[in-house]
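There are 2 protein chains.
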Amino acid sequence: MSNGSDLMHRPLEGLVVIDLTRALAGPYATMLLAGLGAQVIKVEEPKGGDLARENSPYVGRDGIQVVRRHDDDISISHLTRARGKYGVSLDLKTPEGRAVYFDLVAKADIVVENFTAGTADRLGVGYQACKAVNPRVVFASLSGFGATDHDGKAMDVIIQALSGAMYTSGEPGHPPVRIGVPMADMLAPVFTVIGILAAIEQRHKTGTGQHVDVSMLGALTSFVAIENWSAMAAAGMPARTGLTVQRLSPFGVFECADGYVAVVAVHEPLARGLFAAMGQPELGEDPRFCSRDVRVANATELEATINEWSRKLPLVEVVRALEAQNVPVAPVRHPEDALVDPRVVARQETMAVKHPLYRSSIDLRTAGIPIQFSGATTGFDDALPVAIGEHNEAIFRDLLGYDEDRIAALKAAGAI
Amino acid sequence: MSNGSDLMHRPLEGLVVIDLTRALAGPYATMLLAGLGAQVIKVEEPKGGDLARENSPYVGRDGIQVVRRHDDDISISHLTRARGKYGVSLDLKTPEGRAVYFDLVAKADIVVENFTAGTADRLGVGYQACKAVNPRVVFASLSGFGATDHDGKAMDVIIQALSGAMYTSGEPGHPPVRIGVPMADMLAPVFTVIGILAAIEQRHKTGTGQHVDVSMLGALTSFVAIENWSAMAAAGMPARTGLTVQRLSPFGVFECADGYVAVVAVHEPLARGLFAAMGQPELGEDPRFCSRDVRVANATELEATINEWSRKLPLVEVVRALEAQNVPVAPVRHPEDALVDPRVVARQETMAVKHPLYRSSIDLRTAGIPIQFSGATTGFDDALPVAIGEHNEAIFRDLLGYDEDRIAALKAAGAI
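Which chain is which? The protein sequence lines are Y and B, in order. The opening position of the first sequence corresponds to residue 1 in our numbering, with each subsequent residue numbered one higher. The opening position of the second sequence corresponds to residue 1 in our numbering, with each subsequent residue numbered one higher.
Looking at chain Y on its own, in the form it has when it is part of the complex:
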């Protein structure tokens, strides 16, 4: 893929992001912006910094460890989420620190924060204060329930519970299911990036920035809402269907001797293909299974018949038999296997991260930017705020034009 020049650029090159975020949701948003080419400047408190620095496991000179042993052990969470970001230290509670912050904001296109709602304003670093310095700035707030709501901190499991996502997963009559991937933490940032880019587009027309405000509860609930639950209830359709969806039968997950497979054989040729793969083509003539309507009516029996076949066979054989009949089938994979799928590796949808000093004996594979551009690349600058304030000199001197004396004075004041 080429845009005709030898040098491919990343699509957001030239945009500067001031990143006040901590933990997962906010840092994932700015990680996406960094991977798309924006220059992200991560601001941390001089003492403590991002809590994700304390997330176990760590990687360092002794490899992977549950407990930090050495000063230069790095949390893999931090290694992942702070990739490609430039790190500065700033105590926003000091006037000196805020003065530096506003110098950064004056140079910025975008500010992102995920403090508890209301905190940025209380610290004096919120949108109104930034707008006064730089009316072109797009200021994004990511919170549990919205920027004007004060219900306090929201964690992924709380939002999963409130959104209905947890209820809809799992078997009827069984407990709800906590989704293993932190969906609430991850989804709000994706919508935050959409909001930021839409506001940047609007800025091309208006010349001014604005406040973008995304809530974790809203983002995940909007996803849940794509199914019309009230209409489904009115139509007598269940809200939880477990491993299979009987109104589309056969559709869902089936058992093998050594694992599980997802199978979709909704339409006639697929159902016939499934029966052939099972070595029981006569099921296609069976009055219980010979048309889509009767398959749905006899779904429980059909699923039992399929499981009776599949559970005796190794997963690879079930997959092979169904593939030979062009029936959509896939193994239920362990995440470690999923992450090294050659297709996602080739597209850098998953990527390796590494400690800047030490090699790891295992591949530390993490999230990439799951978008391919024909006229641009994606990827991360070779930057990582290993220490808090790692790039103070570079940013304060080169971007803000501070001299040595000013930087020394800020240090002496404890502002950086």
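Errors might be hidden in some of the hints.
[Claimed, not checked] Calculated lysine-lysine pairs in the DSS-like style (CA-CA distance at most 27 angstroms, straight line): (1) Lys205(B) x Lys205(Y); (2) Lys205(Y) x Lys107(Y); (3) Lys107(Y) x Lys205(B); (4) Lys205(Y) x Lys107(B).
[As the list claims (entries may be wrong)] Rough simulated footprint, nothing fancy, chain B against chain Y, three-plus residues with beta-carbon under 8 angstroms: (5) 56-62; (6) 158-169; (7) 197-205.
[To be verified] Part of the chain Y face toward chain B, derived, beta carbon under 8 angstroms: (8) Val177; (9) Thr208; (10) Val214; (11) Ala219; (12) Asp341; (13) Gly368; (14) Ile371.
Because the hints were derived from the structure by calculation, they are not lab data. Cβ coordinates follow ideal geometry from the N, Cα and C atoms, glycine included.
Since chain Y is already given, all that's left is putting chain B on it; use the hints.
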């Protein structure tokens, strides 16, 4: 919220989208663009149209129905996903149809398609053909495994299985869990919108468009990859932990007499608050539970102790007792309850849809745009392609400048 003028605009106003998408993933992407203010022109085959038109349940003169009874019954899927879109009919397999398509592309900023990979090019309507007509166009392809992969159709359940998302959810030793929300179908479009907006931003600098290519497998696997599974395995941390996460104990979902609650009491003051809410403050001095480390070491016992308390009480009482102690807690809600949370309703993160002719006795609540802008609104034009080709006249005459004769000839040729 106001930008200082009386009239609020949507951020993407002025952008024109040609929408070739069908089913869920593609239409959700263009629905987001429509809600952000782009003019979306949905192109459907004159015969058949989008398969989502045939999704049960339907709404119409008889209310909600599982089976279509009247010509003007509308699938709620279609009502939801085609909101705010202008519908034209075009047979892209005819030269006349393709000629109209390229006239549309010449006026467009964005084209979105989610045909099986390779199909758009085979039909002669892919990126290279569009670029020849309009080098500024951003052409987005949404597919199962990537635009150059020919592994065929991908369905949500297949991608959930392959991505590892299904494996990580659920209890250790139990079967995997199909996530009730179609995460793979929904996530790829969100990244597609990010890719489109990033390419539009790049176009401001380069003057040219490009091909944006997002895969369902890549989007969902990148989410799964935010956890470092190989490092967790190396550190002896399990990949599936079910309703609770014992290394953060107490953290997770607990049982009440009439439902389930999510509770997070990881830190010392929260754990003390939980024990106070339980009426057993002495647990805070119990050698098994008196510090974070011992709570994690005795997580199974701690969880049993909490469940013993909570399962005897109604959910509302458990929530009230924990809230009184400022311990993060939330009921596991049914989606119907989640969708009408006043917070998400106020922010239009969920929205009502309605049949253009008939009132429904129940609130048909569906996904909104979960982003608030201080200087813009979001929302949908009052447009819906009820019939295939609903807006042929308006688009072909007003946007393309075709006269009556040309439109009549296209009809006669079966091209529209």
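- Query: Can you give the numbers of the hints that this structure goes against, from lowest to highest?
  - Reply: none
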